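Input sequences plus hints: build the corresponding full structure.
Chains A and D, in that order, are what the protein sequence lines are. Residues -2 to 337 in my numbering are what the first sequence lists, from first letter to last. Residues -2 to 337 in my numbering are what the second sequence lists, from first letter to last.
These aren't lab readings, by the way, just hints derived from the structure by calculation. Keep in mind that the hints are not guaranteed to be accurate.
To be verified - Quick list of simulated restraints, FRET-style, between CB atoms: (1) A:L145 x D:D299: 53 to 61 Å; (2) A:E165 x D:E323: 51 to 59 Å; (3) D:Q304 x A:G121: 30 to 38 Å; (4) D:L94 x A:N227: 57 to 65 Å; (5) D:N151 x A:H100: 52 to 60 Å.
The model shown is predicted, which means the values in this text are computed figures rather than measured ones. Idealized CB from N, CA, C, for every residue including glycine.
There are 2 protein chains.
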Amino acid sequence: MSYELLVEVTRNSTVESRHYGAAVVCDFKGNVVESWGDIESLVFPRSALKPMLAIHLVESGASDQYALSDAELSLACSSHQGEMMHQNLVASWLNRLGLTEEHLACGAVLPEHTESAHELLASGQHGCRLHHNCSGKHTGFLTTALHLDITLDNYHLVEHPLQQLSLEILSDLAGINLKQYPMGIDGCGLPAPTMPLLQLGLATARFANPRELSDTRAQAIYRLHEAITNEPLYIAGHGSVVSELNEVTKGAVLAKTGAEGVVTAALPERGLGIAVKIVDGSSRARSVALLAILDHLGALNDEEKQQLQTHIAPTIVNSRGLTVGEIRPAKSWLKKISSG
Amino acid sequence: MSYELLVEVTRNSTVESRHYGAAVVCDFKGNVVESWGDIESLVFPRSALKPMLAIHLVESGASDQYALSDAELSLACSSHQGEMMHQNLVASWLNRLGLTEEHLACGAVLPEHTESAHELLASGQHGCRLHHNCSGKHTGFLTTALHLDITLDNYHLVEHPLQQLSLEILSDLAGINLKQYPMGIDGCGLPAPTMPLLQLGLATARFANPRELSDTRAQAIYRLHEAITNEPLYIAGHGSVVSELNEVTKGAVLAKTGAEGVVTAALPERGLGIAVKIVDGSSRARSVALLAILDHLGALNDEEKQQLQTHIAPTIVNSRGLTVGEIRPAKSWLKKISSG
Chain A
-2 MSYELLVEVT RNSTVESRHY GAAVVCDFKG NVVESWGDIE SLVFPRSALK PMLAIHLVES
58 GASDQYALSD AELSLACSSH QGEMMHQNLV ASWLNRLGLT EEHLACGAVL PEHTESAHEL
118 LASGQHGCRL HHNCSGKHTG FLTTALHLDI TLDNYHLVEH PLQQLSLEIL SDLAGINLKQ
178 YPMGIDGCGL PAPTMPLLQL GLATARFANP RELSDTRAQA IYRLHEAITN EPLYIAGHGS
238 VVSELNEVTK GAVLAKTGAE GVVTAALPER GLGIAVKIVD GSSRARSVAL LAILDHLGAL
298 NDEEKQQLQT HIAPTIVNSR GLTVGEIRPA KSWLKKISSG
Chain D
-2 MSYELLVEVT RNSTVESRHY GAAVVCDFKG NVVESWGDIE SLVFPRSALK PMLAIHLVES
58 GASDQYALSD AELSLACSSH QGEMMHQNLV ASWLNRLGLT EEHLACGAVL PEHTESAHEL
118 LASGQHGCRL HHNCSGKHTG FLTTALHLDI TLDNYHLVEH PLQQLSLEIL SDLAGINLKQ
178 YPMGIDGCGL PAPTMPLLQL GLATARFANP RELSDTRAQA IYRLHEAITN EPLYIAGHGS
238 VVSELNEVTK GAVLAKTGAE GVVTAALPER GLGIAVKIVD GSSRARSVAL LAILDHLGAL
298 NDEEKQQLQT HIAPTIVNSR GLTVGEIRPA KSWLKKISSG
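Shown next as structure tokens:
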């Protein structure tokens, strides 16, 4: 098995569980700067593609026509946690389009944000489509469809012109034709493309610095950088590693998670893209691995690291409130990357 | 890395995530029947030890003194889901002892059973100690302490005579002195011992057929077999793989999960013990791996397999209600074990 032991979960300093995976750092010119584990295997980037899936919204002119705010554009790139702020913004955006929740193709779910879900249940309510972490992305698709006067019917299916357009944009960034790769269906019903992890790293680097892309595409990407940087809480939510990384680094690190252990980070100033896949699909390991790579690249200063401490070295607290373990970069890997 | 690829998670037939691990099948005489991956590495068996941790309750005479029912003994061995039936039985048992929820050392949590947790929240209530999946085990410890007239104070700490007794019983079954191995603290506050996976398999085999142990210990174990077999819903809960395996096989397979990807199964009639550790700690993979091993051993007939289908080959359903993937034994491993 050609994966690297990236993250260890300990209990009283004995390792209890181990997370293997692969990671790559690319530059916007298409070079691999560094890599660990097998980066040629196919991954489903899932929601890590969302910022790239929002390019159509700006590029098509839809964003200008509907005067989308920074918060709305950030939400279009988001896996939001379903907090009240997210839910309200999706609802008002849909309303401005003359649409309702019923137009969203994603299913009804409870918010991922635990407190928000509990409050909802305690007030006698249920999950709805607005709470789905993808509802901002879906609203983005509906906005572009209205602007381009394309049918909204089955906008989530791979045959729909908007999904075909999205695959073309993603292919441009990844440098391969994604239509020739296996395709799945995502949790929200949209197509879930695959690509080698390497191509996800390259696409992320080109999103970080789009100079090699067409000017229109580059301008759209710069607009998204600006929106996410100005409204980091709309791309994920309170307490999330994505929002806090974006906020603490003031947009120097634009991270995005994807389901099943994927996380990416675009570093606009340095023109770098990082892509990580935890092979077992674990959420708890991906951000620990990403933060270790960012530290290794010197992308975080001491103050930033202090602010991100709960994500860099999460502790495991038991039901009695006692710290009983931690999640940390694997010592063997740290040794390798710190001497590298 | 010396783990076996045990379980694959697919999306539209492309593998999205992979779960590695190790597994062992032992007999009660101390032989390894079969194994996959590294079985010498230390694991925290966590709640997989609970049926063995209930032996003191019967062996000490506490179970007889307090006339514990089959359901209460099954609950003492349980990681229950916090359904109303579990919560009520812990409460009435504590009441019979003259104790209350406040005597339990485990912390307050929401039930693990989603519907039960949602109902609780919808009715304006919060999680409590009774809902903790370990509350039956804790009530068992309190029962033995009362019976033996040992202090209840700090009964959860490793220094307490009951925890020392438990470690001796576990060491007897595992065939090693667990006090010489690293120790952690569990989610509920009790000591969390470690042992090589091999020893967990051996201990499980001796729990399956305790003939090589002392007569008193063997009788206590037979009593626990009977209780779990008669009340399978009290050792876990509705829809759980543990309760359904125990129920469907009428006690021929006594399974028990442990946190962080552990599962064991004792096969009393065959005197076999199976222990599985998914190296990344995943819950979704452990039961799929266990069921593949049970099938490989011919421990399940066609009717039983049909009844257990949702655990043998779980599907992944998205928010739109569409089946988009599955969790299955890795093809490479299946090939190995079916030709073995």
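Going down the list of hints, with the structure as the test:
Separation of L145 (chain A) from D299 (chain D) is about 55 Å and conforms to the stated range, judged on CB atoms against 53 to 61 Å. Taking 51 to 59 Å as the suggested C-beta distance range, the pair E165 (chain A) and E323 (chain D) does not conform, at roughly 30 Å. Separated by about 36 Å at the C-beta atoms, Q304 (chain D) and G121 (chain A) satisfy the suggested range of 30 to 38 Å. A beta carbon spacing of about 60 Å between L94 (chain D) and N227 (chain A) agrees with the range 57 to 65 Å that was offered as a hint.
N151 (chain D) and H100 (chain A) have their C-beta atoms about 59 Å apart, which keeps the hinted 52 to 60 Å range intact.
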